[in-house]
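Chains A and B, in that order, give the protein sequences. Using our numbering, read the first sequence as starting at 5 and increasing by one per residue. Using our numbering, read the second sequence as starting at 23 and increasing by one per residue.
These aren't lab readings, by the way, just hints derived from the structure by calculation. Backbone N, C-alpha and C fix where the C-beta goes; we use that ideal spot for every residue, glycine too. Accuracy of the hints is not assured; some may be wrong.
Stated by the list, open to error - Result set (DMTMM-like, lysine to aspartate or glutamate): computed pairs, CA atoms no more than 25 Å apart in a straight line:
| # | chain 1 | residue 1 | chain 2 | residue 2 |
| --- | --- | --- | --- | --- |
| 1 | A | K162 | B | D142 |
| 2 | A | K91 | A | D78 |
| 3 | A | K19 | B | D142 |
| 4 | B | K37 | B | D293 |
| 5 | A | K19 | A | E39 |
| 6 | B | K236 | A | E39 |
| 7 | A | K201 | B | D176 |
| 8 | A | K19 | B | E371 |
| 9 | A | K24 | B | D176 |
| 10 | B | K161 | A | E39 |
| 11 | A | K24 | B | E246 |
| 12 | B | K37 | B | D69 |
| 13 | A | K19 | B | E403 |
| 14 | B | K161 | A | D78 |
What the hints assert, rightly or not - Here are some, though not all, of the chain A residues that point toward chain B, as calculated from beta-carbon distances under 8 Å:
| # | residue |
| --- | --- |
| 15 | L31 |
| 16 | I35 |
| 17 | A184 |
| 18 | P185 |
| 19 | S193 |
| 20 | I194 |
| 21 | Y199 |
| 22 | D202 |
To be verified - Computed footprint of chain A on chain B, listed as stretches where at least three residues anywhere in the stretch have a Cβ under 8 Å from a Cβ of chain A:
| # | region |
| --- | --- |
| 23 | 44–53 |
| 24 | 288–300 |
| 25 | 422–428 |
The primary structure of each chain is shown beneath.
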Amino acid sequence: MSIFEELQQAIIDGKAPVAKELTERGLKEGIKPHEFFPKAIIPAMDEVGRRMRDCEFFIPEVLIAARAARGATDILRPLLLGEESIKPAGTVVIGTVKGDLHDIGKNIVAMMLESAGFRIVDLGVDVSPEKIVDAVKQQNANFVALSALLTTTMVNMKAIIEALVAAGLRDKVKVLVGGAPLTDAWAHSIGADGYGKDAPGAVELARRLVSAA
Amino acid sequence: MTTSRERVRLALQHKEADRVPLDLGASAVTGMQVDTVYGLRQGLGLDRPGTPIRVIEPYQMLGEIGPDLMGALGVDVVGLGKPANMFGFRNEGWKSWTTFAGTPVLVPEGFNTEPEPNGDILMYPEGDKSVPASGRLPKGGFYFDSIVRQPPIDDGSLNVEDNLEEFGPISDEDLQYLQREAERLYAETDKAILANFGGTAFGDIALVPGPWLKHPRGIRDIEEWYVSTATRRDYVYRIFERQCEMGLENLERIHQVVGNKVAAVFVTGTDFGAQHGPFISPKAYRDLYKPFHLQVNNWIHQHTPWKSFIHSCGSVRALIPDFIDAGFDILNPVQCSAAGMVPCELKKEFGERITFWGGGVDTQHTLPFGTPDEVRKEVCERLKTFGPGGGFVFNTIHNVQVRVPIENVLAMYETVRDCGRYPLR
């Protein structure tokens, strides 16, 4: 088994210490930091997404796998900055909207997008429209991903899209939305570019929008 | 005339009474947010403008459903529970407060808050401001969420006792309170009693952070807890074993004082469903939770006439056969907006073996965002689907939230009254 195959397996099995050790060993053996993504981390998290869709993996298994992937990406991310030829698939400003403090779903989406090669700017929970606009400007983001668990807070997504329009940034970013009470129709009604039914769905959507751009 | 108690009893025996029974406010997951209670009471002409509403559950900011409101709507169930709320103080010594929506409310004297520089509001366990805050109401928000106070976890020194602080033997004071309250509710009302004695929910994520505890120990972080159910499965199992032992001892003592006055007991509110599927696999449910649900339900069925109530949000269809097998008699909230939770299929497949307590209207879409006519249509359909043959207590799916149009709430209860009579047509 190659080191990439071993790393893939460690991530799928949720073994964070093994994933870290394999990443460090690979780097010592001369593997370039960016190679880990297409050869191990992205396929591993794609497999986790498939298992989630097929009801083989549930929330605890996905969280554990995502933590293992993060164990590898935490080592690789600072090293990627030195590799100027490597560009992330996109920069995603992500957060749970104002008034809402729920973040498990948002964290899973962030971890899966990161493992798929996107650069993540996680603003946390209870995020105001102004904070999103500032982050998009400062980070030169091309995606905004918004989460809400409550029917009382999902409506705040619309205010964020309006703030992006007012700041002249709407054409610069694709807005993805997700969360338990949302539907595809509702996402379109507020002017979002897409609705992610679940974390694998959000990754699929982001990839589709990248290739369409 | 059929009393409320008799109406609920028949429904739980899967028989048709005179009409479908109605619950509003008998538990912390079948109630109504306080701003909405205010609007409803105003809409019904029960209060003069500006009359404050009591907050009887500060964590979710639920409003009191008083006897006059129960009477106006035809509510058939009352709740019985221990005197302390989610933040560990009692509902007594009322004082004025105003919600972010501007609603005048009354809160208990232990409801001691502190504003944050960003406008958020902090809440304290037992109302004690000398310890770190345990709840946060975001500025402009409507509910508190737990502030996770997670001490550093060292796997070498994790001790199950740290996660068991909240599960001791019930105090004599609480026992006497339950006895008094059960007697009062039984004598002064004709309602069925839904009791929540606490201590038998294994791994309820709302309770894991222990917002009523001053210095929680063990695993208290939400994500860490979910991860631990797989990575530290034996540790979690040992917590549940001890919790179950203590829970059964408490049930025995409680049964001695409340006896058969209770119709149903709220055993667990642990959520096993997400929007699009179960939170955990059926295999994990059978391994980690079902053994303890079986023990609790077996004890209840062997020693009492109580029906056993399970609350689990989300898409739990794949788990319902196991819930039934574990001895649950009642399923709540029957989240029909989640994947696979199709009302007619649920009734057909499980309706003879479990009572649906909820599912009355879609609280994610129709009730907050639909028109009164859409609400009427859906409520009528749900009554006709879940009602035949009994085995149905009408309730919304979880608490009625804030920002729900009052005309929709009124349309819902009018429809329950107009279309909920047996035989259902």
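These are the hints, each one checked on the structure:
1. A:K162 - B:D142: The given pair, whose Cα atoms are some 22 Å apart, holds under the 25 Å limit.
2. A:K91 - A:D78: holds (17 Å)
3. A:K19 - B:D142: Distance of about 38 Å is beyond 25 Å: violated.
4. B:K37 - B:D293: Violated, because 28 Å separates the two Cα atoms, which is more than 25 Å.
5. A:K19 - A:E39: The given pair, whose Cα atoms are some 20 Å apart, holds under the 25 Å limit.
6. B:K236 - A:E39: violated (48 Å)
7. A:K201 - B:D176: Roughly 36 Å separates the two Cα atoms, so the pair is violated.
8. A:K19 - B:E371: Answer violated: A:K19 to B:E371 is near 40 Å, above 25 Å.
9. A:K24 - B:D176: holds (19 Å)
10. B:K161 - A:E39: Judged against 25 Å, a Cα distance of about 45 Å means the pair is violated.
11. A:K24 - B:E246: holds (19 Å)
12. B:K37 - B:D69: violated (37 Å)
13. A:K19 - B:E403: At roughly 49 Å apart (the allowed maximum being 25 Å), B:E403 and A:K19 break the hint.
14. B:K161 - A:D78: violated (33 Å)
15. L31: Because about 26 Å separates A:L31 from the closest Cβ in chain B, which is outside the 8 Å limit, the hint is violated.
16. I35: Violated, because the Cβ-Cβ distance from A:I35 to chain B comes to roughly 28 Å (cut-off 8 Å).
17. A184: holds (4 Å)
18. P185: holds (4 Å)
19. S193: violated (10 Å)
20. I194: Hint violated; A:I194 Cβ to chain B Cβ min 12 Å, cut 8 Å.
21. Y199: violated (12 Å)
22. D202: holds (6 Å)
23. 44–53: violated (count 0)
24. 288–300: holds (count 5)
25. 422–428: Per the Cβ count (3), the hint holds.
Checked against the numbered hints given earlier, this structure breaks hints 3, 4, 6, 7, 8, 10, 12, 13, 14, 15, 16, 19, 20, 21 and 23; the rest are met.
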